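Enquirer: Given next are the chains, with one letter for each unit.
Number of protein chains: 2
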Amino acid sequence: MQISPLLESLVEALRCLPGVGPKSAQRMAYHLLQRDRHGGIKLAQILHDAMVNIGHCQDCRTFTEQEQCRICGNIKRQQSGQLCVVETPSDILAIEQTGQYSGRYFVLLGHLSPLDGIGPNEIGLDILKQRLANESIKEVILATNPTIEGDATANFIAQMCDQFNIVATRIAHGVPVGGDLETVDGTTLSHSFLGRQKIDLS
Amino acid sequence: MQISPLLESLVEALRCLPGVGPKSAQRMAYHLLQRDRHGGIKLAQILHDAMVNIGHCQDCRTFTEQEQCRICGNIKRQQSGQLCVVETPSDILAIEQTGQYSGRYFVLLGHLSPLDGIGPNEIGLDILKQRLANESIKEVILATNPTIEGDATANFIAQMCDQFNIVATRIAHGVPVGGDLETVDGTTLSHSFLGRQKIDLS
Ligand SMILES: [Zn+2]
Ligand SMILES: [Zn+2]
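Top to bottom, those sequences are chains X and A.
No gaps in the numbering here: position 192 of the first sequence is 192 in UniProt numbering, and each next residue is one more.
No gaps in the numbering here: position 107 of the second sequence is 107 in UniProt numbering, and each next residue is one more.
Next comes chain X alone, as it looks inside the complex:
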C-alpha cells in the first residue's frame, strides 16, 4: 500500500546508507518529515555538494574538495620526511586520532589484487614513485591492513622504496593493548610472536 510514492522513494533511497535496513530507513524518513525538515533540507544540500565536489588530493589521494588536502599543504608535516601509506581515507582518521604521527600520508584506495585486475597503477603507485623520486622522504611507514593482500602490497612498496634508498617500515601487528590473550585470533597472535622485540632493561 503506497500512501505517498515520494515518501516510499525516500525510504528506499535512505537504504544506500550502510547499516540502514527497511525499518530504520522508515523511521528516519518519518522523523525528518515530522520533526526536522530544516535538518533534512540542509543534509540534502551538503550531501549533493559533497558527492559532486569532493575529489582526491593530488598528492596523497585522500578525499578533499581542494587540489591539495590540508595535511599535504601543512609545511611542518612536509618537513617531517615521513610518509605513511594506508589503504583508505578513513585509515587516516584513525591514525590522526592516536596523535602519534605528524608526517604525511599516501592513500592507495585499495590494495594490489592481480586477479581482480588491480595492479600498481590502479592503486596510484605511479604517483607514489614520482613522490619518492622528487621529494626528500626519509621513511615510508606501511600501514596497509594485516591481510594477505595488505602484506603483499606493503612488500611491493618496500621494494620500490629500496630503489630510492628510502627506509620502509611496517606498523607492528599484535595483541591489542588492554586485550586478552585468549580472545585474540590465531593470525594476530602469530604476528605478535613474529614481531616480538627484546626487552630493554637499561
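Accuracy of the hints is not assured; some may be wrong.
Said to hold, decoys possible - Now the in silico label distances, taken between C-beta atoms and shown as ranges:
no., chain 1, residue 1, chain 2, residue 2, range
1, A, 55, X, 18, 28 to 34 Å
2, X, 177, A, 21, 57 to 63 Å
3, A, 55, X, 66, 38 to 44 Å
4, X, 193, A, 183, 20 to 26 Å
5, X, 2, A, 183, 19 to 25 Å
6, X, 66, A, 68, 46 to 52 Å
7, X, 182, A, 36, 35 to 41 Å
8, A, 65, X, 35, 16 to 22 Å
9, A, 183, X, 188, 37 to 43 Å
10, A, 167, X, 35, 31 to 37 Å
11, X, 18, A, 178, 31 to 37 Å
12, A, 70, X, 98, 50 to 56 Å
Quick caveat, the hints were computed from the structure, so don't treat them as lab data.
The model shown is predicted, which means the values in this text are computed figures rather than measured ones.
Positions of the beta carbon are idealized from the N, C-alpha and C atoms, including for glycine.
Assemble the complex: chain X is given as a structure, and chain A with the ligands must be docked to it using the hints.
Expert: Frame of chain X, contents of chain A with the ligands only:
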C-alpha cells in the same frame, strides 16, 4: 584536524538522522564517497524533494505530496464507513501491515496536552468534527497510544462522536500499556483491532 571542511560538514549533517552518532555518520560519509556517489546524489535529490513537497492530506492529515492521500482517495475505503484515529503517520503503516483494517484514517499529529498548549484545534479536531458532520461515518476507531494522554484524547473524541450519534470504539488493550503503537508486533495489533470495544460514556 580538518582534512576536508566539506567532508566534516557532511558527517555533521548526517547526524540529523535518528540513531546516527559521530562514528556511524563518519562511516556513512566515507562509504558514499568511496563506493556509492550515485546513490548519494540520488538520496540528496529525493530528500530535498520530499522535505519541500510532502505536506499533509487535506482529509486525514497523513504525509502526502498530493492534496489527498491514496487511502482517502480510495472509493472502497470511503464506503467502509470506518474512520481510524491515530497519533502519527507511521501508526498508519503499522496498522496497514496487519491487513485487518480497510477503512480510512485520521492523523492527530500528536495528542491533547493542555499543559503544553496542545488543545483540540492543534491536533486537527476542528477538521475531524467537520468530517463527522458531513460524511457518512458509522464508526470511529480510536487507536491513539495506550498512554494517559492517548486515553484522554480518545475519550475527548468519543464525546465528539456522541454528539453526532456515531459509535466510537477503542482498540483493545493487547497493546502493552505505556507502549508505543508503532513498535508493537503485527499479531498483537491485529488482536487489539478485533477486540475493540464501544466506549462507555456513562
Ligand atoms: Zn593530501
Ligand atoms: Zn488522507
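Enquirer: Now, for every hint given, state plainly whether the structure supports it.
Expert: Each hint, compared with the structure:
no., hint, in the structure
1, A/55 <-> X/18: 28 to 34 Å, "holds, 31 Å"
2, X/177 <-> A/21: 57 to 63 Å, "violated, 24 Å"
3, A/55 <-> X/66: 38 to 44 Å, "holds, 40 Å"
4, X/193 <-> A/183: 20 to 26 Å, "violated, 49 Å"
5, X/2 <-> A/183: 19 to 25 Å, "holds, 23 Å"
6, X/66 <-> A/68: 46 to 52 Å, "holds, 49 Å"
7, X/182 <-> A/36: 35 to 41 Å, "holds, 39 Å"
8, A/65 <-> X/35: 16 to 22 Å, "holds, 19 Å"
9, A/183 <-> X/188: 37 to 43 Å, "holds, 40 Å"
10, A/167 <-> X/35: 31 to 37 Å, "holds, 34 Å"
11, X/18 <-> A/178: 31 to 37 Å, "holds, 34 Å"
12, A/70 <-> X/98: 50 to 56 Å, "holds, 54 Å"
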